[in-house]
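Chains A and B, in that order, are what the protein sequence lines are. 8 is the number that this note's numbering gives to position 8 of the first sequence; each next residue is one higher, with no gaps. 1190 is the number that this note's numbering gives to position 190 of the second sequence; each next residue is one higher, with no gaps.
Quick caveat, the hints were computed from the structure, so don't treat them as lab data. Predicted model, so just to flag it, every value in this text is computed and none were measured. Take the hints with a grain of salt, since some may be wrong.
From the structure, some residues in chain B lie toward chain A, with a derived Cβ separation under 7 Å [as the list claims (entries may be wrong)]:
#1 1025
#2 1027
#3 1108
#4 1112
#5 1121
#6 1147
#7 1151
#8 1173
#9 1177
#10 1178
#11 1179
#12 1248
#13 1250
Rough simulated footprint, nothing fancy, chain A against chain B, three-plus residues with beta-carbon under 8 Å [claimed, not checked]:
#14 1092 to 1100
#15 1123 to 1137
#16 1190 to 1203
#17 1257 to 1263
Idealized CB from N, CA, C, for every residue including glycine.
Spelled out from the first residue to the last, the chains are:
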Amino acid sequence: MGKKKGKSRLGLYILLCVLPVLLIYTYVVIIPILGAMRFSLFQWSGGADMKFIGLKNYRLLFRDTEFWKAFQNNVWIALTCILGQIGIAFFFSALLSSRVIRFKAFHRVVAYFPATISAVVVGFVWSFIFNYDFGLVNAFLRAIHLEKWAKPWLDNPATIVFIISIPLIWQYIGYYMVIIMSAMTSIDPSIYEMAELDGASSLQKALRITLPLIKNSLAVAVMLCIAGNMKIFDHIYVMTNGGPGTSSMVMALQVYKTTFIKSQYGYASAMSVGILILSLSLVIISRVCITQPWRKEKDV
Amino acid sequence: MKKKRTGVLGLLGNLILCLFSFSCIFPMLWIFYSSFKTQAEFNQSSTALPQALDFTNYISVFTQTNLLTAMGNSFRNTILSVTGILILAFMAGYVLSRYRFRGRGLLYNYFTMGMLIPLHALLVPLYIQFKQMGLTNHWYTLLFPYIGFGLPISIMLVESYVKSIPRELEEAAAIDGCSFFKTMFCIVLPLASPILATVAIIQFFAVWNEFSFALILVSKDTLRTVPVGLTMFKAAYTVDYPRLMAGILVTMLPVMILYFSFSKRIIEGMTAGAVKG
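Please put together the full structure from these sequences, using the hints given.
See below:
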């Protein structure tokens, strides 16, 4: 009897501990997902007038070239950032693990610093840097007498996606550097010593020993990079607001504009569901593609 | 000969890293010294050092703008959200890792699934939901999304950490008649403090820097947070860059001080969370 009472009391305590989380989390994360699915079936501009139109919003979305252009921009930015962030971070980490480099701790702290600044500030700082009249890039080009290379960097639709990737890469190099370096420190140093005895060069050591041994951490980094770049919003909102025209539009910004400027709540909800599906599948596909082959290798 | 070559390569490597580190700091330095310039001075040469230490921009940031209020709001949001996340994630994480009740696995997956949800897919429905329930434009509005989106990764980190704490202490406490909540808060909590510090660090930066929710859920001037406040500030002073720079610097200072004083712990904490997540 007493034991049973104790058990039901324990059940109550457990409930008390999980219930607040369950409520807040469900209200903020799960109900909006269901909400997006529901609203996406309506033609609705925010007022009392809600018209059920079935799947018409999705049919529109499929043919919406602007949305797919935005998605394409997301993908391009993600690819540029995977190469830029992780590639450069790997290079720097390999450098930092070598004996000839001084001030290692200093480089680590300073390189990580941009990752702690808000995206809005990063956006501002880089829009100053790219500014035509007084930006640092053009000031530098003028100082070395290459005036003809000075450009209005943020106004050229052809290169804008590449240009706005630069601040993103810059901000997170330090972040990926720390991830990669912590993987590198777990490699047994005697492997390098043996390789050195066999006369391996630094480059060979980096590519033939380090790279294969840290591929799991690299896989994590790639997945983080893809997930992070699917939700990019703040930087672009501040730097170009999707412009010039719609050449640097990304999915999140387009949803924002469709909702708060065009007031197409129903269509924006369909777009939200689209984003959810697209980014979830990209994250899952990348996870499967990256981890699967190696898992098999491990089993053999 | 070989030695000479590695010497040159080493020098080059040092040089590359120094250049990169310089690029990480220089924009901030540039903003710092430019914020003392007048607008005319800045237009004349954007890179030159200021001719005199002119505090006009700072005075105007403090007296004519809402940035100080925004900082207050950001502090309040950050402190309350992080505290809320710590308490809730600790309680849920502890229970999920120690007790095998029915539905435990389901609940754990339900919570951690949130890490996969891209938050921008929820902006519109969340906005509608908050609007319909009259939850927008309150001092507590932003606490809901911040806590809700901070919980998944925090619960996961706490759960896996508590699993690694030996049970003996708790069992001894139970034999001595220590109550459920007393065991949880007086015995397990201190042991779990390293992971709670990690959670606090991750969430501190996430909440302090958050932009999208703050942009859509709060439109009252007196409730704006720093990132949104800065974009409004820019809209008001489009061409007065030195003043905008002063504003950016003032709002960044607290976080910069925090980062450079505890950088080692912060770097460890933030990346530990990322890699496990």
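| query | Which of the stated hints cannot be reconciled with the structure, identified by number in ascending sequence? | reply | 3, 4, 8, 9, 10, 11, 13 and 16
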